[in-house]
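Line order of the protein sequences matches chains A and B. Residue numbering for the first sequence follows the numbering used here, starting at 1 and increasing by one per position. Residue numbering for the second sequence follows the numbering used here, starting at 139 and increasing by one per position.
Worth flagging that the hints you see were computed from the coordinates, not collected in a lab. Where hints are given, some of them may not hold.
Straight-line C-alpha distance at most 25 Å; calculated SDA-like pairs for lysine to any residue [stated by the list, open to error]:
| id | chain 1 | residue 1 | chain 2 | residue 2 |
| --- | --- | --- | --- | --- |
| 1 | B | Lys181 | A | Met58 |
| 2 | A | Lys3 | B | Ala193 |
| 3 | B | Lys181 | B | Ala193 |
| 4 | B | Lys181 | A | Leu6 |
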Amino acid sequence: MKKFSLAALVSGSLFGLGLAMSGMTDARRVLGFLDVFGDFDPTLLFVLGGAVATTTLMFRWVLRRGSPVLAHTFQLSSLEHIDRRLLGGAALFGIGWGIAGYCPGPALAGLGVAAVEALWFVPAMLAGMLLHRFVNRA
Amino acid sequence: MNPTWSLALAGGVLIGLSATLLLWLNGRVAGVSGILNGALFPKAGDVVWRAAFLAGLIVAAGLYMALAPGATSPRTDFSRAGLIAAGLLVGFGTRMGNGCTSGHGVCGLGRLSLRSFVAVTTFMATAIATTYVVRHVWN
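Please model the complete structure; the sequences and the hints are all you need to start from.
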């Protein structure tokens, strides 16, 4: 396997380990975190806090390099404007996340133990992506 | 600190290190919905690393959930209609808004992107509002 793909494999494995260890894969806990006006469970604040603190510190150092180690350029989004697509898309995603408690990473992680809910949610999520592609081509 | 919180913090740091590694080595953003979308609609030469990332994520998370002492098993009793509706919204919404909790949250906030900050604020707000409606108004 090429180094580039091997790096992605290691990164993905760390990501999956982090999701499972932190409790993000437990939709009950995620909904408990989102239920700020009810039986609020603050656990996920530590997950988001730990992840964002790490990237905020480390990205600064990484991006000081002119280029990544195994590629020519950093492929970062150059979009800067805040428009209806960004707001509408984020709003729809949040509604879906608030209904069942799954965002894309934890939903995929559930496939690793053939979790029954992931087997329903993930195909629907892929269908949503296909639908978006179809609508934007029409 | 409460052990659940310590594991949550450690898991969060691992997620942050995963994103750091992918940016540092490959120059790519560890946004799960974006990586998945690129694997779903492949372009030549841009597929294998995506498949490798996703396979690593699924297998590592699965091994932890299956083997680690104290790991919680996933919920099993949510309504299928709810899962399908939520999945469609998450798939469509993350593509329309160009990112999810990892792309806009972990990575976008990490590089102080205003767009990501607005996206995170928006999806947190609608997620909290939706959970409120489902749990306290509907039921």
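Checked hints:
| no. | hint | in the structure |
| --- | --- | --- |
| 1 | B:Lys181 <-> A:Met58 | violated (30 Å) |
| 2 | A:Lys3 <-> B:Ala193 | holds (16 Å) |
| 3 | B:Lys181 <-> B:Ala193 | holds (18 Å) |
| 4 | B:Lys181 <-> A:Leu6 | holds (19 Å) |
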